[in-house]
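Peer 1: So you can see what is in the structure, the chains are spelled out below.
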Amino acid sequence: MRLTIVALLLTIGTAPAENPPGEEVFEQGIRALASKDWDRALGYLEAALTAEPDNMRYGSEYRQAVLRRAQTLHPKEGQPQDFERALKFFERLLTKCPTAANAHLNYGFAYVDKIPAAGAITQVILANTALGEFTRSLELNPSWIGYYTRGVSYLFWPKIFGRAKQGVSDLETALQMQKAAPKQPYHVRTWIALGDGYWKTDELDKAHSAWQEGLKQFPESVALQARLAKNGDDLKDLVESSLDPNKRVDTNLKDLWVKP
Amino acid sequence: MGEALKHPVAWIALAASPIVVLGWSGTAPKIKFTEVGQQSGATYQHRTRRFQGPHGDVLRMFTSGGAAAAVGDYDGDGFDDIFVTDSDTGRRNHLLHNNGNFTFTDVAEQAGVAGGNDPLSIVSDAIFFDYDNDGRQDLLVARFGTPILYHNEGNGKFRDVTATSGFNKFGNTIAVIAFDYDNDGLLDVMFGNYFKPVNLLDLRTPYVLPNDLDNAVNGGGVTLWRNLGNGRFVDVTEKAGFGKHTGWTLDIGHADLNNDGFQDVYLACDYGTDRIFFNNGDGTFRDATEKSIGFDTRKGMNVDIADYDNDGWLDIYVTNITDEYMKECNMLWHNNHDGTFTDVSKETNTCATLWGWAAKFGDFDNDGWPDLFVVNGLRSGSKENYIPVLLNMITKPGIDFTDIRSWPNIGNMTWSGYQKKKMFRNLAGGEFAEISAAAGVDNDLDGRGIAVADFDNDGRLDLFQTNADQRSLLYRGVTQGGGNWVQFQLTGTKSNRDAIGARIRIRTGGLTQIREIDGGNGYAGQSMKRAHFGIGKATAVEDVEIRWPSGRVEKIGSVAANRLHRIVEGQGRVRENDTNGNK
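The listed protein sequences correspond, in order, to chains Y and R.
With my numbering applied, the first sequence covers 1 to 260.
With my numbering applied, the second sequence covers 1 to 583.
These are computed hints drawn from the structure, not numbers from a lab.
Every value quoted in this text rests on a predicted model; they were computed, and no experiment measured them.
Among the hints, a few may not be true.
Said to hold, decoys possible - Straight-line alpha carbon distances no greater than 25 Å define the calculated DSS-like cross-link-like pairs of lysine-lysine that follow:
no., chain 1, residue 1, chain 2, residue 2
1, Y, LYS236, R, LYS291
2, R, LYS327, Y, LYS165
3, R, LYS494, Y, LYS76
4, R, LYS383, Y, LYS165
5, Y, LYS183, Y, LYS206
6, Y, LYS230, R, LYS346
7, R, LYS396, Y, LYS165
8, R, LYS30, R, LYS396
9, Y, LYS236, R, LYS537
10, R, LYS396, Y, LYS236
11, Y, LYS247, Y, LYS236
12, Y, LYS159, R, LYS555
13, R, LYS420, Y, LYS76
14, Y, LYS159, R, LYS327
15, R, LYS537, Y, LYS247
16, Y, LYS76, R, LYS383
17, Y, LYS159, R, LYS383
18, Y, LYS88, R, LYS383
19, Y, LYS216, Y, LYS230
20, Y, LYS247, R, LYS346
As the list claims (entries may be wrong) - Beyond 10 Å from chain Y on every Cβ pair, some chain R residues (computed):
no., residue
21, ASN133
22, GLY243
23, GLY272
24, LYS327
25, PRO388
26, GLY417
27, GLY509
28, GLU542
All residues carry an ideal CB built from backbone N, CA and C; glycine is no exception.
Could you put the whole structure together from the sequences, leaning on the hints where they help?
Peer 2: Given below as structure tokens:
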């Protein structure tokens, strides 16, 4: 497991000795983004990803660019069609490189990015399709980010679908993986989500334990403090609000490579 | 005080007496209803249509409406009667004659209006309206099929005049309204159609269901029929500008939404965007959806229209689905006075009513602010829930939603069932408070339609609730300590006789209120055509103004509280001593 984490971090975050093959064109894409030249920016970022399909940072930045474009063209959440380009691109990319685990992860996130712009039933279909991509990513590379992502995704499903237990299971795995790796600031998210998962599966004591343990390790966490300070309906409102499928989920993965 | 006013003759006597003052204390009265369906003889078991064949179960699930009620005083005795529909093969409709003492007698068979559920047609909705301006309420029965138009013969009987009416077009109609879209003094008719026009009872293709569950465009749309004045109607759908609408229409609401004197139309559509059409005043409409409300992906079920905040502009309430598994939120469209609307359902606390169906405004405590009753619930069955079954279907890659064979049978499973109804008390225009339990209306039946009327003429609004595959309910308004009230019954002369589309504006103290007479707004329920106003502590109305569909504006002056005022276009307030307002 430790090797997986190290490999992951090498892929996504560390500065390589030489520029990776897509870096130059990626930087061109970022510059085009700054000037809101959307089509050129997306073209460059797609070229970068084509050169390095498994580069998580490229994939994440590309999705963020698609999202910014959508929200600029159609304020608030964008229109469903604004997200089609990214979905089609990842589909093509994965047809060529089906073993790119991080591309599957970003493909799943591309579906998640579209959710707030879609109708209620389409949201369910998108969320379910995203889960499929997260699972494929995990099959190819059982990573912390993969388990964390899929685990949280399960938690967004209403109780009636009975998927929260699967979310807890994934988050417990993610927790084990992060315990075996150097502590990272973003690891606090696992504690928050795991507690939320326990809460959603009616294991309130375990929820409190998870949040308390998380707070010991991340005493500055406002999210953990807020959960531990609330009870009853107030706590329900807080957890449900953070797992509201109608709210846009932050799928920007920059925490994985940007130092706080 | 209720007993004294139960007969119109008593109202006339009171009209000459000093102003009646109710004992309204000024503190919030408790809105209260008592369910009296059984003892009143006004409860009937509805049955949805059972379909034959291997996919009959799915078709039944998709057509689980048809429980409707229409209110109208068909015999002109001063007490509103109720027409109640049924939907299964051979099942009879009911015409509940109001006996004047809050009991009802089913006279549908004698009146000749019980039929309509034949092997190839399903009764789904109905309205009373006076299409020939003869002073008697005619009856239009909408069907998955061709409609039936009954002419009121005036002797307690109706005559089927469909064959000569022009209503010959098949439609899977779920909603119908009557309104005068061209202000020519004749009531026109709009049908809202759910499925495209294929006969579900003689199915030739399995591809009849929505092509998308959030953006469907393969529904039945609407048809608009112009009244020619000779007993005939002609289809003007295309000419009027409605031909491009192909949504799954579930309800239609009409009103003058931009205060230009012409009736506009709001369409609530399942599986996709609602539509708003403004009347151009020349017999055509323009689709203003994008600019006015924006496109939505919700499951629109109901349209009711009222000025909930008393700002002189009519607002719109639409129910959608806001359940555990789907959080759409209803829409309370606040009128911005410029042809656009802003949804304030969250801000007003009227967003979440589960699987919504009909919703109706009414001032149930007579405080001058329209309250809101919402019914809900799709299907209450066994403990097994259909939603997880449905999830497996809708997430199957490449699934064709239009194909009836794609959909799993529901059997006796529950789908958004056992839902408590919602009663929202208007807290003076800004917010509403949910009070259904205290009000006594928090039943958990599978609600469909609501008709609001004052069946006992006591100045307190009553409610008739229809339910799919269940018995109907009759709620008698028994609120104590509510405010004073006035009602107006309008008779058009140049305008259509029912005065549908007429706007009444009253002023009491610092408060100005408006109502428009509608011809069947709200899903599966037509309310009374009288305008009812609560006026709180006021003991008289200072000013009354009527804007008739003809364009005439009539100022009535001051009128007394706690009585019904009959007003004839061009004649002002009529103090007639009959019960029909025409002497």
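Peer 1: Does R/LYS346 lie within 25 Å of Y/LYS247 when you go C-alpha to C-alpha?
Peer 2: Since the Cα atoms of Y/LYS247 and R/LYS346 sit roughly 15 Å apart, the hinted pair holds (cutoff 25 Å).
Peer 1: With a cut-off of 25 Å on the C-alpha distance, tell me whether R/LYS396 and Y/LYS165 pass.
Peer 2: Roughly 22 Å separates the two Cα atoms, so the pair holds.
Peer 1: Grab the minimum beta-carbon distance between R/PRO388 and chain Y and tell me whether it stays above 10 Å.
Peer 2: For R/PRO388, whose nearest Cβ neighbour in chain Y is about 6 Å away, the distance does not exceed 10 Å, so it is violated.
Peer 1: Next pair to validate is R/LYS327 with Y/LYS165; report whether the Cα-Cα distance is within 25 Å.
Peer 2: 22 Å, holds
Peer 1: Would the non-interface assignment of R/GLU542 survive a Cβ cutoff of 10 Å against chain Y?
Peer 2: 45 Å, holds
Peer 1: Going straight from one Cα to the other, do Y/LYS236 and R/LYS291 come out at no more than 25 Å?
Peer 2: Answer violated: Y/LYS236 to R/LYS291 is near 37 Å, above 25 Å.
Peer 1: For the pair supplied as a hint, Y/LYS159 and R/LYS383, is the alpha-carbon distance within the 25 Å limit?
Peer 2: 16 Å, holds
Peer 1: Y/LYS159 and R/LYS327 were given as a pair; does the straight-line alpha-carbon distance stay at or below 25 Å?
Peer 2: Roughly 13 Å between the alpha carbons, so the hint for Y/LYS159 and R/LYS327 holds.
Peer 1: Within a Cα-Cα threshold of 25 Å, do R/LYS383 and Y/LYS165 meet the stated pairing?
Peer 2: Roughly 21 Å between the alpha carbons, so the hint for R/LYS383 and Y/LYS165 holds.
Peer 1: For a C-alpha distance cap of 25 Å, please report whether Y/LYS236 and R/LYS537 respect it.
Peer 2: Violated, at roughly 42 Å.
Peer 1: Run the C-beta distances from R/GLY243 to all of chain Y and say if the shortest one exceeds 10 Å.
Peer 2: At roughly 25 Å from the nearest Cβ of chain Y, R/GLY243 sits farther out than 10 Å, so the non-interface label holds.
Peer 1: Would you check the hint for R/LYS30 and R/LYS396, treating anything up to 25 Å between C-alpha atoms as holding?
Peer 2: 50 Å, violated
The structure is inconsistent with the numbered hints 1, 3, 8, 9, 10, 12, 13, 15, 16, 18, 23, 24 and 25, although it conforms to all the rest.
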